[in-house]
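*Asks:* Below are the chains, spelled out letter by letter.
Protein chains: 2
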Amino acid sequence: MFEAAELGHKLSKEAFKEQEAGLRLRLLNCQLELGKSTSPVIIIVSGVQGAGKGAVVNRLNEWLDTRGLENWSFWEQSDEENERPKAWRYWRVLPARGTIGIFFGAWYNDVIDDAYLCMDDGRVETQLNRIDDLERMLSQDGAKFVKLWYHLPRKEQKDRLEQSTHDQQSYWNMAKEYTGRKKEYARFMSIAERIVRATDTGVAPWHIIEATDNNYRDIRTGELVCRALEEAIRGETGPAAQDVHDTVALGDTDVDDITVLDTVDLSQRLEKKEYRNRLAEMQGVLTELAWEAYRQQRACILVFEGWDAAGKGGAIRRVTQAVDARLRRTISVAAPTDEELAHHYLWRFWRYVPRAGHMRIFDRSWYGRVLVERVEGFATPLEWQAAYRQINSFEEQLTERGDVLLKFWVHISKEEQLNRFQLREQTPYKQHKITDEDWRNREKWDLYREAVDDMVSRTSTEFAPWYLIPGDNKRFARVEVITTVVRSLRKALGG
Amino acid sequence: MFEAAELGHKLSKEAFKEQEAGLRLRLLNCQLELGKSTSPVIIIVSGVQGAGKGAVVNRLNEWLDTRGLENWSFWEQSDEENERPKAWRYWRVLPARGTIGIFFGAWYNDVIDDAYLCMDDGRVETQLNRIDDLERMLSQDGAKFVKLWYHLPRKEQKDRLEQSTHDQQSYWNMAKEYTGRKKEYARFMSIAERIVRATDTGVAPWHIIEATDNNYRDIRTGELVCRALEEAIRGETGPAAQDVHDTVALGDTDVDDITVLDTVDLSQRLEKKEYRNRLAEMQGVLTELAWEAYRQQRACILVFEGWDAAGKGGAIRRVTQAVDARLRRTISVAAPTDEELAHHYLWRFWRYVPRAGHMRIFDRSWYGRVLVERVEGFATPLEWQAAYRQINSFEEQLTERGDVLLKFWVHISKEEQLNRFQLREQTPYKQHKITDEDWRNREKWDLYREAVDDMVSRTSTEFAPWYLIPGDNKRFARVEVITTVVRSLRKALGG
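First to last, the sequence lines map onto chains A and B.
Each position in the first sequence, counted from 1, maps to that position plus 163 in my numbering.
Each position in the second sequence, counted from 1, maps to that position plus 163 in my numbering.
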């Protein structure tokens with residue numbers, strides 16, 4: 164979830180200056196308009212230690228008009244607060260309609276602390292429940308949430324924290340909050356992922372912001388706040404927002420246009436001979452592992468998504484060749500049947516949940532909701548935004564019996580796709596594989612790119628990770644996929 | 164929560180016959196219309212053992228067209244089901260759009276079982292979370308829920324279960340489900356209350372049906388199903404339903420027009436001398452208890468609601484007289500201030516949550532949301548329907564530190580109110596207490612009566628019970644209130 168945000172986002176000083184000017188003006192105008200609306204705006208600033216949350220808030224205070232803007236941090240509880248229900252300290256400072264409240268951590272501090280201190284699970288779940296209720300209740304009342312999570316790669320955080328011990332000014336960073344946690348980066352991340360996932364709702368989604376470069380961090384923050392203000396002004400909160408949303412621009416374009424797909428090294432290739440050897444080796448192992456999974460009654464679900472002509476089919480075939488036909492089944496997901504249309508969109512996938520010990524391969528999947536349905540407008544923004552959490556919950560249920568769920572995005576460059584399309588048109592036995600729709604989809608490449616970026620960052624979970632497979636070289640992609648399956652199965656089966 | 168349903172609802176054979184004919188016709192017509200809509204309807208039949216859930220479902224099958232209607236019970240899990248996530252067995256039988264599915268127990272069986280078997284709290288909370296997600300997700304997709312909880316008073320259940328052991332036909336009732344639970348009525352009720360409360364949402368509310376009289380039980384069921392079908396046909400599901408709801412008739416009038424207020428014995432009175440003695444005694448005890456509560460740092464919140472001129476003020480004064488002024492504060496809730504209007508409706512009450520050890524008295528309260536705001540249309544039906552759960556959650560938070568929260572509805576007859584209104588008009592120093600608004604409210608007596616019935620049955624909880632105080636005799640009411648406060652404080656303080 165968070166790793167997907169490690170894209171090396173950067174903004175030069177000049178680019179920052181240039182964007183800042185326009186952004187400030189927009190922010191101030193929005194704030195003026197907001198004052199006439201009935202929406203309070205709640206900005207929640209959270210994330211890893213050392214990410215510069217304080218600096219971000221200072222920046223927002225510099226950019227916005229301080230009238231109608233209040234900042235709240237929640238450190239030690241006062242005795243007054245201690246004597247009342249936990250939520251009291253948040254309720255007392257909720258912003259009034261037309262104003263903005265910036266909350267450091269807000270109610271997330273408590274639940275992260277409790278989870279970190281291994282409080283019992285019932286308590287943590289109850290708090291997650293209440294957060295969900297609270298945010299839903301307030302947004303139905305008109306509130307607009309901007310939940311910002313600032314992320315740093317492990318190494319970067321370490322460097323910063325070591326630096327800051329020599330730095331008097333950062334006293335608060337060190338002394339307060341998460342002292343001691345720096346050694347437990349992985350554990351903290353795992354807890355944070357659970358909390359963020361559970362509270363990433365349609366009405367109050369999280370935005371994960373890479374905080375390595377300060378310029379990028381601040382401009383990205385300003386952009387997200389500005390968009391939220393615009394939505395609040397247009398009245399796009401509350402349960403009636405669905406209809407309004409239909410008219411909103413789809414994209415959540417980032418300020419520097421880098422997506423998670425840009426991290427994929429497409430130059431990787433395998434020569435024919437090495438390909439043959441490694442494929443044969445992996446297929447041999449997989450055959451055994453599939454039987455072992457059957458003996459241990461562990462199901463295995465593989466999800467394949469990717470660009471048209473990326474080579475999903477070829478990669479799937481290399482897997483299925485190695486698994487006994489009695490143990491596996493491939494589901495090709497195309498347009499839904501009448502019966503499927505008569506149900507909730509997840510129903511058609513619940514149908515195909517495999518029995519214990521079996522492998523099921525989805526050639527396209529429930530991710531259609533946040534890919535094609537989003538891009539083509541078949542799902543409303545409120546629908547596809549709500550889908551991330553629905554999908555995460557679905558996948559959590561699929562895996563909590565110890566089953567394996569792996570998700571592959573087979574990636575190719577736009578040029579490589581063009582080559583393959585043209586080749587298909589010229590090769591008689593491949594012509595059936597290329598249609599007008601493929602060409603139409605290709606025109607929407609950038610919209611899909613954004614959708615994939617959001618999808619990967621919001622649904623890469625510990626229990627169901629995404630693997631981005633470089634597909635320009637088909638041989639490399641096939642071996643990479645089957646190797647990943649083998650590695651994951653081995654780990655799960657303790658082999 | 165459930166006790167409030169023990170009203171002795173009854174329907175004669177003739178009344179049943181008469182109502183049945185009309186109901187059947189309406190049901191069939193609705194079902195026909197539903198077939199053209201995009202809403203699936205999910206009827207969940209749950210409740211205590213012996214309440215005749217099977218008989219109810221048979222009746223519905225008799226009344227409805229069996230085409231487009233399916234019944235599902237969820238006893239032993241098949242091995243197929245065992246090998247998949249728990250939710251799979253429900254997803255596989257979800258009704259298609261335009262059809263009706265009757266689910267025995269549905270997903271509530273699992274969570275009740277787990278809570279009953281003392282599975283860890285995290286697991287129970289997670290399931291409650293998932294139920295909430297599932298029902299919300301399906302209703303946003305157009306599904307209409309009818310959740311029916313059949314209740315029997317303790318004695319009635321005992322009689323029935325003893326009867327049924329001699330009755331071959333009831334084999335399933337006895338052998339399956341909750342065998343062994345009959346001895347643990349109280350514990351089962353407490354668990355059921357928690358589950359029902361946690362899942363009593365605006366989009367999928369529970370209806371508690373008294374099942375002692377079969378005729379009443381069946382007609383009431385048919386009525387509720389019929390209304391749900393009508394709502395589904397009008398498209399009143401999903402997030403956009405809010406606007407549509409505004410035009411819907413408010414009341415949830417019961418088939419025999421008995422409400423919880425009819426259980427209050429208004430003939431009870433106290434003579435002057437006994438009143439003086441008992442009041443003095445109770446006030447003396449309360450003075451001590453209030454200081455003891457301060458020493459133990461337990462807060463005490465008293466909520467007073469009731470008809471205009473019911474004598475709330477007088478009852479409150481008898482309490483405050485006994486409590487040191489430094490320890491208590493009375494909040495008279497009138498029209499909200501500008502500042503309060505600029506926040507969520509609960510904000511103004513969160514402000515007044517007392518510190519530890521203090522007593523706070525609310526003369527009218529957050530229940531305005533489901534009383535005046537409901538009756539006057541200040542809150543939309545979706546808003547006030549959602550408020551029951553919001554209020555329950557608020558009160559749960561108020562009490563989980565061990566604080567005491569008591570709620571009083573001071574009840575008077577309509578005639579007594581008239582007497583008091585007239586007396587106020589005739590008595591110079593009382594004239595300020597009677598306004599045109601009081602007379603206007605009086606005209607809406609029946610709407611308020613329904614609202615009170617719903618309020619009491621849906622927000623009487625273990626941690627924050629309602630007390631219905633007979634108010635026709637002011638002396639009786641005052642002593643009853645203060646005695647209840649004393650009894651509850653004593654229990655809480657272990658005195």
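Honestly, the hints are just simulated from the structure, not real lab data.
Please note that the accuracy of each hint is not assured.
Pairs count within a copy or across copies, as identical chains cannot be separated in the list.
[Claimed, not checked] Dumping the calculated SDA-like pairs for lysine to any residue here, alpha-carbon to alpha-carbon at most 25 angstroms:
| # | residue 1 | residue 2 |
| --- | --- | --- |
| 1 | Lys249 | Glu625 |
| 2 | Lys249 | Glu503 |
| 3 | Lys199 | Leu504 |
| 4 | Lys435 | Arg299 |
| 5 | Lys318 | Leu191 |
| 6 | Lys436 | Arg480 |
| 7 | Lys318 | Arg605 |
| 8 | Lys654 | Arg480 |
| 9 | Lys180 | Trp251 |
| 10 | Lys249 | Gly565 |
| 11 | Lys199 | Glu347 |
| 12 | Lys249 | Asp295 |
*Asks:* Failing hints, ascending?
*Replies:* Of the numbered hints given earlier, those the structure breaks are 4, 5, 7, 9, 11, listed in rising order.
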